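Residue numbers (the UniProt record's numbering), protein chains in the order written: chain U, 1 to 282; chain B, 1 to 361.
Keep in mind that the hints were calculated from the coordinates and are not lab data. Owing to the predicted nature of the structure, the values given are computational and were not obtained by experimental measurement. Hints may contain errors.
[Unchecked claim] Subject to a maximum C-alpha distance of 35 Å in a straight line, what follows is the list of computed DSBU-like cross-link-like pairs (lysine-lysine): (1) U:Lys229 with B:Lys237; (2) U:Lys93 with B:Lys299; (3) U:Lys119 with B:Lys99; (4) U:Lys228 with B:Lys125; (5) U:Lys229 with B:Lys203; (6) B:Lys123 with U:Lys229; (7) B:Lys123 with U:Lys228; (8) U:Lys90 with B:Lys299.
[Unchecked claim] Just some of the chain B residues that point at chain U, by a computed CB distance under 7 Å: (9) Val101; (10) Arg265; (11) Cys279.
We put the beta carbon where it would ideally sit given N, CA and C, even for glycine.
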Amino acid sequence: MSEESKIPGNLFFLSLIKNVFSRTIRASNNVPKHVGFIMDGNRRWARKNEIEVKDGHEAGFHSMSRILELCYEAGVHTATVYAFSIENFKRSKYEVDSLMDLAQRRIRQITENGELTDKYGIRVRVIGDISLLDKDVLADIQEATERTKNNRRAVLNICFPYTGREEIVHSMKDIIKKQNEGIITTGQINEDMIENHLYTGGLPPLDLLIRTSGVSRLSDFMIWQGTKKGVMIELLDCLWPEFGSIRMGWILLKFAFRKSYSNVKSTGDEDDDDSAIDKKYT
Amino acid sequence: MTMTEAQAINTTFLHDHKINDKESSETTGSNFHIPPPAASRMKGGNANTKRRTVQVISKSIFVDNRPNKNSDSDSGKFTEGSTFWKRENINYLEFTFYKIVLAELFFIYGIFRYFQLQYNKSKLKIFDLLYSPSNTPQLIRQDVIKLNKIPSRLAVILEVKPIGDVGGGLKGLLNDASELVCWTISAGVKHLSLYDYDGILQKNTDELRNAIFEHLSIYYGPANVPNYAVRIPHFNKVFYNKKGYGDGKGKVAIEVSLLSNRDGRETIVDLTRTMADLCSNKEMNINDITVDLIDTELKQLVGPEPDLLLYFGPALDLQGYPPWHIRLTEFFWEEDNNQVTYSVFIRGLKQYAGCKVNVGK
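Work out the full structure: start from the sequences and follow the hints.
This is the structure we're talking about:
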């Protein structure tokens, strides 16, 4: 909505391009099923543009909805965003409060105006150690998840408050509990079981992980899922609010291209190169 | 002697790779000719991108129509079943239209990618010329001394390349590993973790120890080879120096840990099993299991978290590196690089030190 242009019809044109593009990507049959985002750089962006930190986060939120829209349109099933780390509790009280407030408003915003969730049938989930949250925040989360729980087409995971290590420990504890209750035996415990007991269990495996602001670390985000062989990790130099649909589209294109490339390679096709070229030009 | 035997064994091991990768078997043609390092870059496994690009485009666009529809119905299970079928019939024309647009997009991207690849390759060549260790620790020292901080622990992900490729096979892997050990010692980093997915280094410890010894004597002279320890956390074993060269009671200049996929998720599974048994025997309370406890345990089983992780492949792929140990680790890799070279190593250290790493990343 911040992108209102002076030329009439421009907006329509843009959205048309966006639609055609996302359907094209969808047709490639190589769309990431699960994308993770580390939305880094809101504060730095605010400082750079000399506006308030709060507005920086606001801009970050708009950027997020734009990108999620493109993703879901292109056929991404699950998106996971890193909103608040357990480590963030170590910051000053004032900052924690404002971050909490912000996240709470975001969650409300996503579900209340319902554009995004209804249009793409998104089920909103809040994942992480929610026992660390205040009561009223919890109530809001409950409401948000309640409201969208019947949506089936797509999933949005909001990590709040989350760390990858806590997620692994949580999964381990769940399994240990089950073993103690006699539901499973020790011998049955394996990798897949741990994976299914993660917060993202039962969802498609992570295919693509995007981090902005030029930092090349995972910062405790989806460490189990992201270190698997074959996960594409994109580290971008731009700050999160600058990360727009065009860049996202480019990444999706890159992903699709590379995926089809490796598919051709891995199927070990024995086609002659010449015949392939012939095909191209006939 | 043992070298050749091990290689013979490994030839069969790596045979699959060879078959899988058609390109490599093409370039293998002359087994005895080893291309010079500079040319090797162009002849590597992924060289013929232009031709492959065309192949990919044609494959995915003109041939793949069927599976595409299948997977559409796959995603259809998330939508309502009945409306879905109707939609697909109407959309067949539209679908073809999008396929054509996709062809164009891929074509444009392919051209872009081709130029990007050439650009990256020549960039890497230039860096190779700029940074050359020339087998002398002093030169490396000079490069490192300018940095205001160096990592205390370094991790590297190595890949076994098909035997026909340059730097391929077990020999290539050992060579890369021991070069890295030399650079790391010269840079003054005390801990190095070498990770390879299949644990080939773990299985060939003796060869690795010999190779490290050989390389170190090139760098430091046969008379003053520094002491080194090779640790395999999974078997809980430590080896010192080359076989028969002292048991390493003295100080070691570097500790090399060999990790594999087994040290990652599988170790966490093992830990879960042990803890489950302890809890059911009432030797442990489930509420005592915290992030800190698991952290201590895994540090003991696998080792501490590295500060910097170097990857010598074309695009970052963590290859199943132990997930617990990568939380705050910084990554460094060069796009479209496929070789273990000193320039990547030193540029990784530079990035870690907070220097400006120019272009590309």
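Verification of the supplied hints:
1. U:Lys229 with B:Lys237: Between Lys229 (chain U) and Lys237 (chain B) the Cα gap is close to 27 Å, so the pair holds against 35 Å.
2. U:Lys93 with B:Lys299: Within the cut-off at roughly 32 Å; holds.
3. U:Lys119 with B:Lys99: Judged against 35 Å, a Cα distance of about 25 Å means the pair holds.
4. U:Lys228 with B:Lys125: Between Lys228 (chain U) and Lys125 (chain B) the Cα gap is close to 30 Å, so the pair holds against 35 Å.
5. U:Lys229 with B:Lys203: Roughly 21 Å between the alpha carbons, so the hint for Lys229 (chain U) and Lys203 (chain B) holds.
6. B:Lys123 with U:Lys229: The given pair, whose Cα atoms are some 27 Å apart, holds under the 35 Å limit.
7. B:Lys123 with U:Lys228: 29 Å, holds
8. U:Lys90 with B:Lys299: 23 Å, holds
9. Val101: Holds, about 5 Å.
10. Arg265: 5 Å, holds
11. Cys279: 5 Å, holds
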